[in-house]
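**Q** Chains as they are written, first to last, in my numbering: chain U, 1 to 72; chain F, 1001 to 1482.
A few of these clues could be false.
[What the hints assert, rightly or not] Below, a list of computed lysine to aspartate or glutamate pairs in the DMTMM-like style, where the Cα atoms sit at most 25 Å apart:
(1) F/Lys1455 with U/Glu33
(2) F/Lys1458 with U/Asp36
(3) F/Lys1455 with U/Glu38
(4) F/Lys1458 with U/Glu61
Derived by calculation from the structure, the hints in this document are not laboratory data.
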Amino acid sequence: MPRAVRGLLIECDPSIKAMILKYDEERHDYIVEDLDDENHLVIKESQLENLKVRLDQDLDEKIMQLDESESE
Amino acid sequence: MASATSRPLEYLEGLSGTTFYKLYKQPSTALAIFRRMLPDLAKCFVMALLYLKDPLPTADLEIWVNTESKKQRDNALSILGRLHILSTTRTGDNVRAYMVTDPFATSLRQALMGAEDSQSFGVFSRGPGETQTSIADLDEYARRQWEGVMGYMVGTSAFGGQRDMVNLSKGVKQLLQAGHLVEIRGSRVDITKDGFGFVLQDVNTQVWHILILYVQSAEAIGMDSVEVLSFLFLLSSLELGASYEKKHLTPNQLRTLTDLADFGIVYQEDPDAPCFYPTRLATTLTSDSSALSNPVTGSLTGPAGQTGGSGSGFIIIETNYRLYAYTSSPLQISLISLFTNLKYRFPNLVTGKITRQSVRRAIEMGITADQVISYLLSHAHPQLRKHNAAHGTSNAKGVQASVLPPTVTDQIRLWQLERDRLRATAGFLFKDFTSLAEYSAPCQYAAEIGVLVWKSEKKRMFFVTRHEQVAAFLRSQKGGGK
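Generate the whole structure from the sequences, applying the supplied hints.
**A** Right under this line is the structure:
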């Protein structure tokens, strides 16, 4: 019997997807369905803002250092 | 061009049919709308239809355009329809036909052939060259006033001194606040996100933005918007350097005139003077040429550029993201500092570097990468342009783009993209199909009605933006199957 589930289809790089999967492992509160290919998954609608903020923070931490080490 | 036209166009489209009827009674308005608001193809249609005695059957008009250009044709026709310029009627043999609507057609013909009623295009007080005020004076006045408005928004006082700051009238400040370009908290003025976008646009777009705000606020205080609008279109058809009689204007138009003088769009020696001068800000409003080379900023800097150091042609960017701006204008410096890490400041030069942080800071304030790039492009130093011309590329599009080092523009865009690492689409996931056949029929149906976003045969799942129709399809199939 087919079912329909409400959610947000997320399209992103494999790296970002990996990060989202990692967040979800903690409490399983993001993902509705992992769509098994490299750059798609469905998440809960309410979590989008939260997810964006968290991704921005983590990405900042990682890329910031690169920016600062650049010689002036 | 598109961005410059879209705002006034959007506003006009929102007006009612009767407003158009009143507006189009003025030949100057009809001409201004024809010149500025219409795509080229639409102009062709209007010109072709203008002097026809009878309506032209739609099929006849449609064969003028190649089938490949159907999209442009439909776009042109839809704009003409929305502006109430073209209407469809039926000919004697009940064939659908196009005709140019009446007050517009009459007015445009009058404008083209010279009208008896010359007041519609203003009444010369003195022609160009005979006036006491020279074009250079007008440009200087327009520049000072307009920069004053910008400076007020960006808060240049923080950047060292109120050097030749103009006194803005209360009306100007209220208008900026009403348009949500600034927020006034006590004595402090804070620029909003919209305001940031606004200050980085080219002058012509900015003037239109302000004028439309003005018309809207005029409505709110009970002035007739048609009167104000047609006056604006009248202004745009005046000649730079000439002065015009004020005695033919209505009280509301006189009031508008005084308000526009605060923005530098018109100039009058004093509010009671018998005549006024349009400045370049007004006369380029409806001309096409302004979109290409931005003559407002260009000409405004012409005489004042070296000393005043504002306007176009002072920014050099190197491929290593270093930026050199030959300016001492506090306004320009504060604009540049919105998206650049400034490092040194000399009497006529500031230098800095565009970095990931500085661009992200700008983006967080609501400025887009394209706004930054178009600002840099319109203020690129002649040396950058010269360099580009020497290494001229073949296609016209490439020429424009490569004035700035492509590495820098690409990187600015990439930095913006970095913030949007994921694309989210709200909708519904259909899953748990028992067989491939059961899966593929609704999936195909979803694709046909244009709601399918993603599908996977392997997992037998698909994602749609709207579920109602697909669900109904599934139910009907199940009913049919049994």
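**Q** F/Lys1455 and U/Glu38: Cα distance at most 25 Å?
**A** Holds, at roughly 13 Å.
**Q** Please verify whether F/Lys1458 and U/Glu61 have alpha carbons no more than 25 Å apart.
**A** violated (37 Å)
**Q** Quickly compare the C-alpha distance for F/Lys1455 and U/Glu33 to 25 Å and report which way the hint goes.
**A** holds (13 Å)
**Q** Could you grab the alpha-carbon distance between F/Lys1458 and U/Asp36 and see if it respects the 25 Å cut-off?
**A** Status holds; Cα separation ~10 Å.
Against the hints set out earlier in the document, a violation occurs for number 4 only.
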